[in-house]
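In order, the protein sequence lines correspond to chains C and R.
Using this note's numbering, the first residue of the first sequence is number 1, and each one after it goes up by one.
Using this note's numbering, the first residue of the second sequence is number 1, and each one after it goes up by one.
Source of the hints: derived by calculation from the structure; they are not laboratory data.
Among the hints, erroneous ones may be present.
[Unchecked claim] Computed Cβ-Cβ distance ranges for the label pairs, DEER-style:
#1 R/D438 / C/D230: 34 to 44 Å
#2 C/D230 / R/D418: 13 to 23 Å
#3 C/D269 / R/K359: 50 to 60 Å
#4 R/P10 / C/Y74: 50 to 60 Å
#5 R/L321 / C/E270: 58 to 68 Å
#6 R/D34 / C/D241: 48 to 58 Å
#7 R/S49 / C/D269: 49 to 59 Å
#8 C/F146 / R/N426: 18 to 28 Å
#9 C/F144 / R/S49: 47 to 57 Å
[As the list claims (entries may be wrong)] Which chain C residues stay away from chain R? Per the calculated CB distances, all over 12 Å, these:
#10 G21
#11 K52
#12 S91
#13 A106
[Claimed, not checked] Now the stretches of chain C that chain R is said to cover, found in silico as 3 or more residues with beta-carbon under 8 Å:
#14 135–141
#15 252–260
#16 275–285
Treat the numbers as computed from the prediction; the structure is a model and nothing was measured.
Glycine is no exception: its CB is placed at the ideal position from the N, C-alpha and C atoms.
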Amino acid sequence: MKNAKDKDRLQVAKTYKLYLGGAFPRTESGRTIKVTDAKGNLLANACRASRKDCREAVVAARGACRGWAARSGYNRGQILYRAAEMLEGRSEQFTEELRSSGATSAQARREVAASVDRLVHYAGWADKYQQVFGTVNPVASSHFNFSLPEATGVVVIIASRDAPLLGLASMVAPAIAGGNTAVCLASESFPLSAITFGEVLHASDLPGGVVNLLTGQRDELIPPLSSHMDVNALVHVDLDDKERKQVEEDAALNLKRIIRRKPSNWFSDEVDGPYPILDLQEIKTTWHPIGQ
Amino acid sequence: MAKSRKKSPPPLQFKGAWDYAPAPESTDPVQLKDHYELFIDGQFVPASSGNAFPSVNPATEKSLATVSEASAKDVNRAVRAARKAYEGVWSKTKPAERGKYLFRIARLIQERSRELAILETMDGGKPIRESRDVDLPLVAAHFFHYAGWADKLDYAFPGKTTTPVGVAGQVIPWNFPLLMAAWKLAPALATGNTVVLKPAETTSLSILKLAEIIQDADLPPGVVNFVTGAGDTGAALVRHKGIDKVAFTGSTEVGKNIRKALAGTEKRFTLELGGKAANVIFEDAPIDQAVEGVINGIFFNQGHVCCAGSRLLLQESIADLFLRKLKDRMETLIVGDPLDKNTDIGAINSKEQLQTIKKYLRIGEKEGASLHQSSCPLPTKGYWCRPTLFLDVAQSHRVATEEIFGPVLSVLTFRTVDEAIQMANNVPYGLSGGVWTDKGSKIFRVGNELRAGVVWANTFNKFDPTSPFGGYKESGMGREGGLHGLLPYVELTRSAKGKR
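Next comes chain R alone, as it looks inside the complex (with noise of 0.2 Å):
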């Protein structure tokens, strides 16, 4: 046959030129006491058991500091001063002053900026590289985006005014704990609300620096108040019955959870949740590019993002081609210590969550796919997991359907433009979507007929705290960010000018 006389290229040989000297992150900046306790009411106080858990650095399986573990009593003390906070002090304060509230903490993110990315990339096992360029300045401008519409809301809602909601449970994920703090926090603040919030069990600490930050901005007491814990101290604070509004961001099986512990009840909730993203990639795609946004799109923080592009839709005509760049580009990646400037996959963030991803390993190569993992060395201590591909994938096999929540990317093929829609759309999952391709109107026209919230074109995993973000479907409801971002902390009541 004439195809076989075609020779491929020699594989590329990435042995001893891709070694890098280490590039570590100081660790110096970083002040951490050995035991955090609950931030209620303007103050960090014991939790009423006694009881604490170890926060542990993924990378080196130590622990960093013990943290308090809050009961439901807790809880419901947080809930009391955020109720008194807000009745007492934050829905009488002028929006403007709210505003400034905001601007202060974000100057203080900005000023403490350095020290919080080596924390978080200490805590959470992600690469420095991320936590400085990524989560830490996202986290800066999305209190900065907010503060402003403080004094705003009255031109946001065309012919209504908004109040706010009263007190909000946030429960927040450990894959961005500062960036999902701020995306929660921010907007429940500039609409005058008051908060308790729930980090993840696995990364308490930046939060827990945050509270400093608060206190240093003299927020009055009570405005935010953080509980840490696990599952059991979320499920007190959704359920507990002073809160006016749950905002949740996690996986989809708890999020059906709170669903139903909130059913009858006239709790307002938006959810977050998760996704199985497809990246779309046709044939008239800048193919070197599209390599690195699925690069970027799977293996960004470890593919420990609920929009990750874990579904790739290669076109047939370029599969071979793609795949084999996009082989060679994984054998660069640099897996090892997230505090090294060169690292580009750090650390699983914790033992449980590899664990969940070996089982997927397991069921995708017992379902047929066949697995194709990059050669790089792994350190001893710590949880990591190689930048993986499933190849020779069928839709309904389970690593194309569930959120695996790792480096780990499904292949599948498409082609017609129909098909490839159709695919990306065959999930109960809306989160977002990507689209390759140097056609603009093919980008429109498969970008609106994607189900999902975000759709990227010729790019990846972009955030910015202007741009609406949420899910289709069983990602979630509500969105965060932007003008759309306001809406799940305010309750919209019509203005004088609205009436006819």
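This is chain C alone, in the form it adopts within the complex (with noise of 0.2 Å):
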């Protein structure tokens, strides 16, 4: 635990734990991993999760579906935005964790950057959406018919191994923009920002069980995630091709939606848009009568 700036004072290092239901416990199993700078600096014991936290934090995600889905657009784009700012305020802290784990300060800082803009664009997308997707039809008989695009429900997102902040933004902004719950797995080798994140995400009033974050391996916690039978969809962005099979089996099970991701860098503003929100969407079509 290296002291980086202070050579006068014992810095405090923080105790990385998982993000569950609006709270920071420890896993259940007490085990732990290490996680080490480039030198092989001793940097945290983060959270090896269990299949029990994973279960757990199915419930949590579970138990906010309804009131999140039930926010306005308007209130979840607030939400968001208030999520870049707090990520901008702490840029220098998330600069440095990205440091940690690697990428140089330029790297880092343009990834921080670019996840904050990620948030604010997708804080726009919350109350806009519904209109670019809805659509009133046109049908024959004597109704008014309307289709509009409403949450899938619980979502599990895997984080890419890459761009371990940007990548977790990526693929959690849309995915709440809309209406979903989420329950993260953090990139195996560099956890650490997306617990940072949650602290983010829980000081901007995001209610608690909206987004919940695990740590540890993804082979040990992939599995009852992908086959757990209250979890509606999964996102992932670069499962090996073994991975890809088995969760995609899994999916059977319940019709689990699988969303691959595919961008081509996460800088890019391809990776904008509403279609990501789209794809954790379902469409309800409703038939309303209409008078004589």
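Please dock the two separately framed chains into a single complex, following the hints provided.
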């Protein structure tokens, strides 16, 4: 635990825990993983979450589902914008954390800035995608017929191996802007900025349980999430062929929607737009009678 | 008790009063060959194995014709024809011209609508009134709707341009053969894909008549191919390496198997699967109208409807009155010859399906629900099931959670709006739901909370080509119909306009 800046006093290091249901508990298993910097110095003993933590996270996410989806788009947008403000204000800390995981200062600053901008982008979408994807349908009978997107429900997000902050923010933002709740599995090698991102969300009036963050080993934690019967969708970006096949087979159990994001790079504005929101929406069509 | 002093009205007597003279539709417009072959690359061709199976009229148990059974080899041939047509012709055809082919097909269907309706009824068992007034008009309308989309795709998805997916492998069920074919073919062709489609083994004939129409329309060979057969043929199609997209309508069980089989591949897919829809009747509903809606919701097409309103949720305060009226109305339903224009409920589509329904009737009684059936006479030949109610049903009963796909309605009661919503959503399915109330605000409140892709308010089982249809949860993924129904058949790429 090297003292990065201050030579005269001992730095107070943070204990990195999980983010579950709006609280920061340790894993119930009591297990940890050593997270080191590029030189092998210990940065933290992060939690190595268990299958039970996964289940707890899904319960928390399910519990938050109805309330979050019922919030107005405007309100969800405000909260996402607040998260952008919080992230901007703590950009020093995030830059430092990303640097410790091997990024250069310039790379780290760029990633933090892009993450802030992505949150702002999706804050703006929260009350607009409904108009882009909703339709009034000119049916032949005397009905007012309309289709609107609705949140799919509980979404598992498997964060990218690279871009531990930007990748995660880019996957979380469209999910929650669209009224879903999320269980996120942080990058296995660089989990720290994900947990700190949880602190940002926590300080943004995001209701507990809307985003839950797990750290630990992918091969151990993906199966209980991909086979969970109360998970509605799973978003990933870089599962290898074997992992992807397994996850998609598990998805058959309850017909989870599996979304594979394919960004050429997370910094591109290709990643923006309402379509990642649409991926995690169900279209509901209502036939309302028209009187004589 | 004061309650017992109130006399319930005497039961209605229907004997004699409801005898209609037979009004059979003629089968003359339908000319059937003895044997039907596969439709591949614009031609009717024999199956490589030489195998064939009969297509049986479920109302008479007589074979109408035999149909070639496509093997994996034939499927391969069809996929290659579709690939060739995609690369050589269809992807290079101007969008507006693609649209004109579809308009042509729509017109030819309208022209031969009577013949197709009769055949649909002969081969599938559905009442002629339904195939004539519901199926066929919707089939033509669907082609018309998507025909117009072909050259307007740039307007459908803001910031994106569309390209076709490629070759689509489509598998459809036996409950609405031509209509399901239209739902699958029209958007696929309009967006520039080519197709290999497999109809259900009990209802191939109208699809092969559609092949004639496709020939008459001069659609380039290979753009549409039909392979007939049972589950093995379907499995060969969805697993074929040469297709880019799978579209399946059928049971959740088979849908899950398909999803599993596609795991790890690059194939896209949409699934339109089973349902166990709740038809929720509030005490302020227009009761007589709601009784009609419940009847239509579960007995339309013998209950062979994935979105059928197979669970009736009644507010307790009106349950007795509603059930009396419902039973009275059920007594008037005519079960019998599907070709008779008076028939309300036709033949169960196959012997196998009748056995499935009967199995559930036994399960329901064994679990403690009480069975009520109308007393109508049934023909001696053919596969029939009387309109059926299950009363005293608990939410945990299998007849309240599993799809029966027959004219069987499970009745449950509730007290509050919240309870109704909770019960309606308490199944793994989420295809459709019905809300009956005179209060517009309640329609929106309950409709909002139903986890289902289609919500019918004071109506049920309504369809329109402009209206997206498809499920939440285990009822599938993807939408068919309207603008949203284009999405499964296009790749979205960023348009130049989308650049900032």
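Here's how the hints hold up against the structure:
At about 36 Å, the beta-carbon gap between R/D438 and C/D230 stays in the expected band of 34 to 44 Å. The hinted range of 13 to 23 Å is satisfied by C/D230 and R/D418, whose Cβ atoms lie roughly 20 Å apart. Taking the beta carbon of each, C/D269 and R/K359 are about 56 Å apart, inside 50 to 60 Å as hinted. At roughly 59 Å, the beta carbons of R/P10 and C/Y74 sit within the given window of 50 to 60 Å.
At roughly 60 Å, the beta-carbon separation of R/L321 and C/E270 lies within the given 58 to 68 Å, and the hint holds. Roughly 50 Å separates the CB atoms of R/D34 and C/D241, a value that falls within the hinted 48 to 58 Å. For R/S49 and C/D269, the hinted distance range of 49 to 59 Å is satisfied, since their beta carbons lie about 54 Å from each other. With their beta carbons about 26 Å apart, C/F146 and R/N426 fall inside the hinted range of 18 to 28 Å.
Between C/F144 and R/S49 the Cβ separation comes to about 53 Å, which falls inside the hinted range of 47 to 57 Å. Residue placement check: C/G21 keeps its beta carbon more than 12 Å from all beta carbons of chain R (closest about 22 Å). With a least beta-carbon separation of about 24 Å from chain R, C/K52 lies farther than 12 Å from that chain, consistent with its non-interface assignment. Non-interface call for C/S91 relative to chain R: holds, since the shortest CB-CB distance, roughly 23 Å, exceeds 12 Å.
Against the 12 Å criterion, C/A106 stays outside the reach of chain R, whose nearest CB is about 24 Å from its own CB. Counting residues of the segment 135–141 of chain C whose CB lies closer than 8 Å to any CB of chain R gives 6, which reaches the minimum of 3, so the coverage claim holds. Taking a C-beta to C-beta cut-off of 8 Å, the segment 252–260 of chain C contributes 5 residues in contact with chain R, enough for the three needed, and the coverage statement holds. A stretch counts as covered by a chain when three or more of its residues have a beta carbon under 8 Å from one of that chain; for the segment 275–285 of chain C and chain R the count is 5, and the coverage holds.
Checked against the numbered hints listed earlier, the structure breaks none of them; every hint is satisfied.
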